[in-house]
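Sequence lines, in order, name chains F and U.
The opening residue of the first sequence carries number 1085 in our numbering; numbering runs sequentially from there.
The opening residue of the second sequence carries number 1133 in our numbering; numbering runs sequentially from there.
It is worth saying that the hints were derived from the structure and are not from the lab.
Check the hints yourself; a few may be wrong.
What the hints assert, rightly or not - With a straight-line cut-off of 20 Å between C-alpha atoms, the simulated SDA-like cross-links for lysine to any residue are:
{"no.": "1", "chain 1": "F", "residue 1": "K1223", "chain 2": "U", "residue 2": "F1177"}
{"no.": "2", "chain 1": "F", "residue 1": "K1158", "chain 2": "F", "residue 2": "L1256"}
{"no.": "3", "chain 1": "F", "residue 1": "K1223", "chain 2": "U", "residue 2": "H1181"}
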Amino acid sequence: MTGALEVGLVAFVLACAVATALLRDVLGSIIAFGAYSLGIAVIWVFLRAPDVGLTEAAVGAGIMTVLFLLTIAKTVRPADDEVLESVDLRALAVSLALVAVLSTTLVALPAVGDPGSAVASDNVTDYYLDNAYEETEVKNAVTAVLAAYRGFDTLGEAVVVYSAGIGLLVVLDREVLG
Amino acid sequence: MSDAEEVPVGDGAAAEDGRGLYVESPIIMTTVRIITPFVFTLGLFVMFHGADSSGGGFQGGVIVGTVVLMLAIAFGIETTRDWVGPRLAVALVGLGVLAFLLTGIGSVLLGGGFLEYEVYPVPHAIKYGIEFVELAIGLVVSGIVTGLFFVIAAGMADDGSDLA
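Isolated chain F (complex conformation):
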């Protein structure tokens, strides 16, 4: 059950991805990448995952674009007038082969919304959906799983963000930490 809107979105995202890879102007490439993230965010909403969509929109389309723009402000544009990057055919062949191999796993995925899929029929899912509202008193089951049932995992995520971020700050910066 895919409507024209979903097909259009996927085509838009794919076009943006190809444009990101092929555009010679880095600024254009970054703008295409921002559009790609925005398209992915809308697709997440279509797939009933608004939490993930919000993250993609805020991080992928928002912050990453700003950070990329800041980074290329330190570079200069290529001198020639070519619009597209010249494609290395051997690299393209390797990429296509990789995509083809990875695509073989697609048939193993359940259809979107399939009631018989492991996600929908699993005991753990049933437990969360049956008990999350009473046990945690929050209305968003995703948050209940993330911060209560799987709080330890989320602590690990926060520590990963902390370590990666502080590591980057230490490497990149002499002023912040002295």
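We have chain F already, so just place chain U on it with the hints.
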């Protein structure tokens, strides 16, 4: 990828003509001045309301961090960095992780399991425990976002502005 070889990396064209990355624009300044409180409120809403609707600490933290980015783009990166101070972002990150960790350790000290919110002697302990943890995550993420922004923007000529 072949761009990297052809593009001389340095202070770049913007810095060469002495103008810097920051461009003073009354339109951007006015817009940012008006929408900043709303964006900040939206960030806090996403952070706190993540328990009852979409969102949470990660998303809300990014939106709150965006407020500092907008201020910096409107009023000058160096000016904003001086205003925020060099250590605040790092302090926020540390505080967030520490708050999350201590929440877990505190529930062990009170006789429960790690991060077992209901042992805390407050009404609706789990709900408020979840929201407190989301707030801690928000601190971590917003601190990292602002810190990274200032670090990446550092080293570019920037006249700044005394309007911030």
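Here is how each hint holds up against the structure:
Of the pairs offered as hints, the one joining F:K1223 and U:F1177 holds, with about 15 Å between alpha carbons and a cut-off of 20 Å not exceeded. Between F:K1158 and F:L1256, the direct Cα distance comes to roughly 15 Å. Compliance with the 20 Å bound is thereby established for this hinted pair. A C-alpha spacing of about 10 Å is found between F:K1223 and U:H1181, which places the hinted pair at or below 20 Å, so the restraint holds.
Checked against the numbered hints listed earlier, the structure breaks none of them; every hint is satisfied.
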